[in-house]
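Participant: The lines below spell out each chain.
2 protein chains.
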Amino acid sequence: MHILVTGAAGMVGRKFVERLARDGHLGERAVTKMTLHDVVLPPTPPAAFVYATSVSDFAAPGEAEKLTAERPDVIVHLAAIVSGEAEADFEKGYHVNRDGTQALFEAIRAIGDGYCPRLVFSSSIAVFGAPFPEAIGDDFFHTPLTSYGTQKAICELLLSDYTRRGIFDGVGIRLPTICVRPGKPNKAASGFFSNIIREPLAGQETVLPVDTSVRHWFASPRAAVGFILHAATLDGARLGPRRNLTMPGIDATVGGEIDALKKIAGEKAAKLIRHEIDPTIAKIVDGWPRTFDARRAAELGFTADPDFESIVHAHIEDELAGKIAV
Amino acid sequence: MHILVTGAAGMVGRKFVERLARDGHLGERAVTKMTLHDVVLPPTPPAAFVYATSVSDFAAPGEAEKLTAERPDVIVHLAAIVSGEAEADFEKGYHVNRDGTQALFEAIRAIGDGYCPRLVFSSSIAVFGAPFPEAIGDDFFHTPLTSYGTQKAICELLLSDYTRRGIFDGVGIRLPTICVRPGKPNKAASGFFSNIIREPLAGQETVLPVDTSVRHWFASPRAAVGFILHAATLDGARLGPRRNLTMPGIDATVGGEIDALKKIAGEKAAKLIRHEIDPTIAKIVDGWPRTFDARRAAELGFTADPDFESIVHAHIEDELAGKIAV
Chain A
1 MHILVTGAAG
11 MVGRKFVERL
21 ARDGHLGERA
31 VTKMTLHDVV
41 LPPTPPAAFV
51 YATSVSDFAA
61 PGEAEKLTAE
71 RPDVIVHLAA
81 IVSGEAEADF
91 EKGYHVNRDG
101 TQALFEAIRA
111 IGDGYCPRLV
121 FSSSIAVFGA
131 PFPEAIGDDF
141 FHTPLTSYGT
151 QKAICELLLS
161 DYTRRGIFDG
171 VGIRLPTICV
181 RPGKPNKAAS
191 GFFSNIIREP
201 LAGQETVLPV
211 DTSVRHWFAS
221 PRAAVGFILH
231 AATLDGARLG
241 PRRNLTMPGI
251 DATVGGEIDA
261 LKKIAGEKAA
271 KLIRHEIDPT
281 IAKIVDGWPR
291 TFDARRAAEL
301 GFTADPDFES
311 IVHAHIEDEL
321 AGKIAV
Chain B
1 MHILVTGAAG
11 MVGRKFVERL
21 ARDGHLGERA
31 VTKMTLHDVV
41 LPPTPPAAFV
51 YATSVSDFAA
61 PGEAEKLTAE
71 RPDVIVHLAA
81 IVSGEAEADF
91 EKGYHVNRDG
101 TQALFEAIRA
111 IGDGYCPRLV
121 FSSSIAVFGA
131 PFPEAIGDDF
141 FHTPLTSYGT
151 QKAICELLLS
161 DYTRRGIFDG
171 VGIRLPTICV
181 RPGKPNKAAS
191 GFFSNIIREP
201 LAGQETVLPV
211 DTSVRHWFAS
221 PRAAVGFILH
231 AATLDGARLG
241 PRRNLTMPGI
251 DATVGGEIDA
261 LKKIAGEKAA
271 KLIRHEIDPT
281 IAKIVDGWPR
291 TFDARRAAEL
301 GFTADPDFES
311 IVHAHIEDEL
321 AGKIAV
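So the sequence lines, in the order shown, correspond to chains A and B.
In terms of the working numbering, the first sequence opens at residue 1 and continues consecutively.
In terms of the working numbering, the second sequence opens at residue 1 and continues consecutively.
Each hint should be verified, as a subset may be incorrect.
Stated by the list, open to error - With a straight-line Cα cutoff of 30 Å, these simulated DSSO-like cross-link-like pairs (lysine-lysine) come out: (1) A:K187 x A:K66; (2) B:K66 x A:K92; (3) A:K66 x B:K92; (4) A:K283 x A:K92; (5) B:K283 x B:K187; (6) B:K262 x B:K15; (7) B:K92 x A:K92; (8) A:K283 x A:K323; (9) B:K283 x B:K323.
Stated by the list, open to error - Calculated from the model, a selection of chain A residues having no Cβ within reach of chain B, i.e. all distances over 12 Å: (10) H2; (11) A21; (12) K33; (13) S56; (14) G129; (15) A130; (16) L145; (17) G149; (18) A153; (19) L159; (20) S160; (21) G183; (22) D211; (23) P241; (24) N244.
Just so you know, the hints here were simulated from the structure itself, not pulled from any lab data.
We put the beta carbon where it would ideally sit given N, CA and C, even for glycine.
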């Protein structure tokens with residue numbers, strides 16, 4: 001089978017491709033080709049299947065048509081401008097996150113002729129906007145407080161309608177905040193959730209800008225890849241017309257994160273976290289969802305990490321070859 | 001003040017214009033000009049203010065720019081392809097209902113320069129899709145089962161984001177099913193809700209294609225005009241970032257409708273209703289919302305008809321000059 005991945009150079013995209021390169025199959029079927037697209041050249045880990053790579057603005061006219069011309073069996077659509085940039089650049093955010101996705105959906109429609117691929121779309125819990133109930137249920141409404149969340153919510157609606165029309169067979173998955181994000185600390189407001197685990201494990205100091213009571217919703221990169229694999233192979237009939245799902249996650253407080261770190265890497269690791277409240281970040285984070293009751297996805301077989309310690313262990317195994325530096 | 005109305009030749013549009021022509025003011029401010037747009041020439045009832053009329057496909061490139069060039073103070077955006085046509089013609093529905101609305105929003109953004117009109121958008125309870133709770137609350141999610149509902153839900157999301165960005169000051173109002181719709185019976189699946197009142201009052205036979213236990217959510221044309229007037233003058237600060245509201249309505253069963261008809265026009269009127277179940281219509285209607293808990297709109301001062309009898313009386317007063325023909 002032929003799989004197209006947009007945003008294939010991103011963190012989740014790379015890990016998804018690595019997993020398929022290792023497995024060689026998706027569900028029961030052997031992978032014969034992967035087409036990888038991004039704005040920079042996506043890596044192509046050694047695999048038994050062939051790769052095609054493509055580098056462009058995927059929202060530019062004609063790009064989606066090129067990517068779908070070979071009728072990939074499965075499309076994993078991860079490409080997006082991130083939240084902060086979509087907020088800073090109104091036009092770019094709508095151009096890529098909305099118009100780009102629309103162009104992809106329309107390119108599939110234009111093929112017609114019975115072509116109806118499985119399409120997995122990475123949505124976000126940013127479709128929700130405060131105030132929230134204690135736990136956000138599967139039927140809570142979407143009132144995003146960012147343009148990014150608005151764009152994701154629009155694409156979810158289109159995904160359901162195009163699926164209902166038989167144009168493709170879509171599944172939208174709202175990913176929790178990915179933790180532990182590998183790589184360098186970045187300027188994302190959510191960065192500290194990962195920084196306070198990743199940096200101490202590497203023997204580096206890091207700053208915690210919010211109170212330890214802050215609660216949030218997490219999945220490891222490994223769990224996120226598992227969500228995509230399951231969404232790509234799930235029987236669509238089990239979903240009915242409600243095609244967008246909040247993925248299961250682990251809710252943890254920042255204090256709970258630090259406890260897990262201590263348990264795995266000792267007090268010394270936790271001492272590398274300097275607590276310095278940043279009121280700006282604290283205010284942003286205050287508007288974010290804390291926890292979900294993601295019952296439907298769990299019933300459909302999507303599996304979260306068992307607990308926050310497992311999230312830390314996954315990072316140590318997948319990114320640090322099992323070695324803690326502290 | 002200058003008011004722009006799109007879809008001004010439609011039933012609700014015409015009644016809104018008539019009301020302003022009669023009142024001469026919107027809230028505290030005198031109306032000095034109304035610009036009326038539709039695909040056919042909208043009527044211009046005698047008024048103390050001036051009219052400009054415009055006939056075109058408002059979603060065509062450049063149209064929204066022309067309509068907003070004079071910077072109307074209030075924009076009432078009613079133009080839309082109706083549900084049945086948007087379902088039958090995928091491209092036309094998305095072109096007018098989504099792209100047209102986006103073009104209007106973008107035309108306002110392009111003016112910039114501090115221009116920030118109040119924008120009232122007529123949305124629909126079609127943003128909701130079965131299965132429903134017993135009464136649909138204000139925070140129930142949007143899973144439309146038609147392209148029309150999808151398009152309305154997308155425009156609601158954009159309205160909130162553009163408002164949050166300060167581009168305009170939007171209020172989206174989800175209208176109940178309008179009853180009694182004046183005019184001839186039409187082929188809309190919902191037509192019978194009005195037909196079974198309007199036709200007997202005019203001494204005409206009519207067919208009821210569903211069970212008398214069917215429950216639905218109604219507002220008179222008069223109440224709908226009241227919703228628009230209130231949405232056009234409401235203090236935006238009271239709304240916060242959640243800009244789209246389910247309008248209050250009257251829930252009534254078809255049996256309750258018939259009881260009201262009997263009470264007002266006698267058994268003879270009710271005898272003009274021939275009960276002939278149409279399984280196709282019955283199935284469509286089965287997927288529609290029954291009742292709402294539209295608490296937020298009521299708290300914000302939107303007022304429904306007091307009961308279904310008032311809806312019948314409003315029709316007799318406004319459309320039949322007080323005279324029943326049966």
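Participant: Where does the structure disagree with the numbered hints, that is, which hint numbers, in rising order?
Facilitator: 1, 8, 9, 14, 15, 16, 17, 18, 19, 20, 23, 24
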